[in-house]
Every structure is written in C-alpha cells, then in structure tokens.
Amino acid sequence: MTATLNAAPETCHWGYFEAKRPAALTIKSGQEVIINTVSGAPNCLPPEGFHVPPELYDIHNAGPPPLPGHILTGPVAVEGAMPGDVLKVDILDVALRQDWGYNFIRPLAGTLPQDFTESYHTNIPLDAERGIARLPWGLELPLAPFFGVMAVAPPPEWGRIATIEPRKHGGNLDNKELVAGSTLYLPVFNEGALFSCGDGHGAQGDGEVCVTAIETALQGRFRLTVLKDRTLSYPQAETPTHVITMGMAPDLDRCAEKALRQMITLVSDRAGISREDAYVLCSLAGDLRITQTVNREKGVHMMMAKDLIGG
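With full-length UniProt numbering as the guide, the letters of the sequence shown map in order to residues 1 to 311.
It is worth saying that the hints were derived from the structure and are not from the lab. In this text, a Cβ means the ideal position worked out from N, Cα and C, and glycines have one as well. One thing to keep in mind: the hints can contain errors.
Ranges between beta-carbon positions, derived for each pair [what the hints assert, rightly or not]:
#: 1; residue 1: GLY49; residue 2: THR265; range: 46 to 56 Å
#: 2; residue 1: ASN43; residue 2: ALA271; range: 42 to 52 Å
#: 3; residue 1: ASP229; residue 2: GLY138; range: 18 to 28 Å
#: 4; residue 1: THR265; residue 2: PRO42; range: 22 to 32 Å
#: 5; residue 1: ASP269; residue 2: LEU135; range: 22 to 32 Å
Produce the entire structure from the sequences given, and follow the hints as far as they go.
If you want it as structure tokens, here you go:
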C-alpha cells in the first residue's frame, strides 16, 4: 500500500533539519510513499491567475521560519532503520503541483555575489502537459523536475542546522541527475532514518549559479528501503546508466577530491580491480561535474557508466 504525506504547517519544517523532530509519518521498509511539497516565501507568490497550493498560505500564516531556508515535507520514519544503516531512496515519479515557478537573483549571493546589485524576481509559467517552462523573453525551456533537497535527519549532536548547506546526511544536494528513475543512497544517523524532501525544481543547470533554479511545488513518489548489508559515509546515487559519487565543501577542489576518492572505492569494489586501476579508469572515463556553487558548501559529483564496471 502506498502512503501519502501532504504538506501542511504540522508536516513541514521550514529552514532547518533537527534529529529530534518527530516523524510526520511512519512506513515499512520497502513501502512506497507519495510526498507533496510546496516552495517559497510570501514574496515568491505569482500574480493572480496561477494556482497556488492552499497549504502554502497556511504555512506562511503560521509564521516566519526559525532559520532561512527551504520548506520541507517530513520527516518520514522507516521502520527498522538504525544508525549505521543505509536508506535507499528510489525516486519513482516526480510531478508538478502548480503551473508556475520562480527564480530570484539576490545581491551578495550566488556565484557572482558582487556583480548584480539589485534583487531580480522572475515568475515562470509552467506547462505540465507540454513539459516546458516559458521564460520572459519567449524561450520555451524543457522541464526536468527533481527535488533539490532530499535528506535523512542529521546526527543528533549537530542539533538544529540550516537546510541551505548540503552535508553527509544529504540535504540541499541540487543534483539535477536525481530525476524520476534514479536512486539516492543516504547514510542513516537516527532510528527511523527520518527522510524529508522539498526545494522542488522544474529545471536547473549544473552550478545553479544565481542561487535559484525554477523553484516550484512538486509531488514525489518514493520507495524507501533500509539496507542492512551496506555501509556508507556519504550520499551516493545511481541513474539507469551511471553511478554517482558526491563531495561537498566550501572549496571546489575539496569537493572534487571527496567525490573522486569515493568513486575510486566504488569502482574498485564493484569491478573487482585495484585502487590504482580504479584511479586510472576514473581518469579515462569518469566525469567530474559541478553540482552547485552557491550553497556555501559547494558540490561536485562524479559519474561513471555502469557498463564499464560490471553493470
């Protein structure tokens, strides 16, 4: 049976992660769950004529967030998950929940924080049937929706942390490869794992350079499975064709090093070859890509074709 978790003031946490936040829903390992999300503060709302999920107004009316950041739906507890396990997040479907998105440029933010001195807000109509976004100058941009934020609860000793920086529990990964049909693997730090998601994106380029993508409300259908026979210290992912390792740090060089070290280990284990040979294969066939450059903790992900390492 598929469970459903709707966005509401009592099921959303705005701006923060915290291990002690109670679960909004509990499911069995391997069960599917539909999670509805919303996005945006009051200054992000579109002009009249667009559909705004009514629960977004309810969340706004409940008061400002304790920390600046994203509106996340959750957490979802998964029975049997314990610290040291891995949560397998199969992303089965991602769908639009509204006919608009938005993008902001903010002074002193983004990849070029000094170059744009005025705030710039763009409302972007979305056509779900045609799968396009209509940009203000007339361009029709193909949609490729995904969740910018997917995470388990962080280690309890971290206390309350912002949703902005991606870390080892996942969070604001902003990895555009994580569309429907992909799988995310997250290390578990708390009983139940406590999975949350949000920060819906209609489309995004690698880098997300002006801080925002096409921010919008999404519905996700996930299968959440506890893996007892796998250890993981950092998020990893798979698409139908590639495995993905990730690195997050304030410096892109450190990000690349983290993603590469993980890929060497993954390739060595999966292909049954030495670390030296895995390092060679990463140089010959692995792709380092900049995930994002705007979340204080920047991101790099490395991709390797599965058919090169045994499927």
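Comparing the hints with the structure gives:
1. A C-beta distance of roughly 52 Å is found between GLY49 and THR265, which places it inside the suggested range of 46 to 56 Å.
2. Against the hinted window of 42 to 52 Å, the Cβ-Cβ separation of ASN43 and ALA271 comes to about 50 Å, which satisfies the hint.
3. With their beta carbons about 52 Å apart, ASP229 and GLY138 fall outside the hinted range of 18 to 28 Å.
4. Checked against the hint of 22 to 32 Å, the C-beta distance between THR265 and PRO42 comes to roughly 45 Å, which is inconsistent with it.
5. Checked against the hint of 22 to 32 Å, the C-beta distance between ASP269 and LEU135 comes to roughly 44 Å, which is inconsistent with it.
The structure shown violates the earlier hints numbered 3, 4 and 5.
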